[in-house]
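Undergrad: Residue numbers (the working numbering), protein chains in the order written: chain E, 39 to 147; chain L, 674 to 991.
Derived by calculation from the structure, the hints in this document are not laboratory data. Hints may be right or wrong, so weigh each one.
[Stated by the list, open to error] Taking lysine-lysine and the DSS-like style, the derived pairs with C-alpha atoms no more than 30 Å apart in a straight line are:
1) E/Lys119 with E/Lys47
2) L/Lys842 with E/Lys71
3) L/Lys840 with E/Lys131
4) E/Lys82 with E/Lys47
5) L/Lys987 with L/Lys816
6) L/Lys842 with E/Lys47
7) E/Lys146 with E/Lys114
8) L/Lys797 with L/Lys723
9) E/Lys131 with L/Lys946
10) L/Lys840 with E/Lys119
11) L/Lys987 with L/Lys840
12) L/Lys816 with E/Lys71
13) E/Lys47 with L/Lys816
14) L/Lys797 with L/Lys811
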Amino acid sequence: MEKTIVVSKDYTDKPGGRYIVEGPFSGEDFRIKMLLPKFEEAVKDDSKLVIVLDGGYGYAPSFLEEAFGGLIRETKNKRAKEIITIISDEEPKLIEDIDRYLSDAIGKL
Amino acid sequence: MRRNKQNKDHRRKSRVRNSVHNTKKAVRKLVAPQSLSLQKNPESTLHYFKMVIDTIEKTPMNGLVFFDLSNIETVTVDAIMYLIATLKNIKRITTLRIRCHGNVPLNANAREVFESCGFYKYVKANIPVKNTIGDNIKITRGKDANPYFAGDICDFVCRHNDWSIIKTKSLYRMIIELMTNTTQHAYNKTSIMDSNWYVFAENTDSYISFIFLDTGEGIPNTIRTKGLLEKIKSTLGINDALFVSSALRGELRSATKLEYRGKGLPEIYNRAKSKYITDFSVTSGHAKCMVNENDEIVETNYSDELIGTMLSWKLNKD
Numbered sequence: 039m040e041k042t043i044v045v046s047k048d049y050t051d052k053p054g055g056r057y058i059v060e061g062p063f064s065g066e067d068f069r070i071k072m073l074l075p076k077f078e079e080a081v082k083d084d085s086k087l088v089i090v091l092d093g094g095y096g097y098a099p100s101f102l103e104e105a106f107g108g109l110i111r112e113t114k115n116k117r118a119k120e121i122i123t124i125i126s127d128e129e130p131k132l133i134e135d136i137d138r139y140l141s142d143a144i145g146k147l
Numbered sequence: 674m675r676r677n678k679q680n681k682d683h684r685r686k687s688r689v690r691n692s693v694h695n696t697k698k699a700v701r702k703l704v705a706p707q708s709l710s711l712q713k714n715p716e717s718t719l720h721y722f723k724m725v726i727d728t729i730e731k732t733p734m735n736g737l738v739f740f741d742l743s744n745i746e747t748v749t750v751d752a753i754m755y756l757i758a759t760l761k762n763i764k765r766i767t768t769l770r771i772r773c774h775g776n777v778p779l780n781a782n783a784r785e786v787f788e789s790c791g792f793y794k795y796v797k798a799n800i801p802v803k804n805t806i807g808d809n810i811k812i813t814r815g816k817d818a819n820p821y822f823a824g825d826i827c828d829f830v831c832r833h834n835d836w837s838i839i840k841t842k843s844l845y846r847m848i849i850e851l852m853t854n855t856t857q858h859a860y861n862k863t864s865i866m867d868s869n870w871y872v873f874a875e876n877t878d879s880y881i882s883f884i885f886l887d888t889g890e891g892i893p894n895t896i897r898t899k900g901l902l903e904k905i906k907s908t909l910g911i912n913d914a915l916f917v918s919s920a921l922r923g924e925l926r927s928a929t930k931l932e933y934r935g936k937g938l939p940e941i942y943n944r945a946k947s948k949y950i951t952d953f954s955v956t957s958g959h960a961k962c963m964v965n966e967n968d969e970i971v972e973t974n975y976s977d978e979l980i981g982t983m984l985s986w987k988l989n990k991d
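This is chain E alone, in the form it adopts within the complex:
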């Protein structure tokens, strides 16, 4: 069964910077607390992970790169792009950005 994270409801509507030491709601914190556990569940269940970005104040590039690029660097999972689906109707460009962060990190494995 498909798993879903609605970031603005399940985590925060005010995402922060890259690292935990830099302040609250960082990309690193989101990856550790939310993204990685759900991603591992999805891998285990052979299901999809849908991440909805709409509804919040916005996302800094460093937050997204650390969350998604960091996920690849941590799990070394080259199939992540098949597992993760991003929904971002309010800022469609974020889908491209995240795709690039994932591809860049996979390319460096």
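Guided by the hints, dock chain L onto chain E, whose structure is given.
TA: For chain L alone, kept in the frame of chain E given last:
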């Protein structure tokens, strides 16, 4: 022999006592220029701040520096923000308990700018200060990437534009990225200032103006401490403006040397090219880079430097 040594010690102690006594009395007076504005009078204003920093660097423990602001007739918030940053962030002021006193501009308009932008949040005043509630976010400072405050700025913009937060998402990205840059890139143990960010925003009829300052190393100095290519460029005499414009275009590596880092400035430059943003400029080190109406970067080099990085831009309401 022993008496000789005792005499020498006594003379040395007496000299030290006298010099401390004298320096306590000595007041180092710094007269601000008539136009204190990085925007309108950058050369004289940067020269004034160079004098401020040089003076503080030479002031001994418990010394007194007097900021004579009485002659100021024109002042802009960028300069007031940098003045606050020098008072609050120069490590020597805290470490050596240097006392900073000052007066206010005689010119009423200039005095009002000091009052309305929040200057008196950062200094003690012996005069009555009007508690103005203007159409602005008073100068605020912080250290971390603060999503709560970034959200407050977006709420301020939405309130004055009748926008929903969907329209301020790029602004939110920009503010968080700038705050993150302050914590990630801008700090060096040898820098004379502690690293902080400062933000100011003001609403007008046709736009909302923003000023963002971080008091870290600044873009040119950060680049100079990087790899071989940058060091070669540096020794070839490439000026600060070229470093800043290259950093904006994403032509230089991140200070962290990690390829996935350092995307902040190019991202911000791309945002600055949108139709909503005008008069975007970055001042850092000896350089100012301004994005003109054709989205080209116009470079200027100054004789004196701004320690840290200051960005300003206007967010159009139409």
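Undergrad: Against the structure, test the hints numbered earlier, and report the numbers of the ones violated in rising order.
TA: Hint check: nothing fails, all pass.
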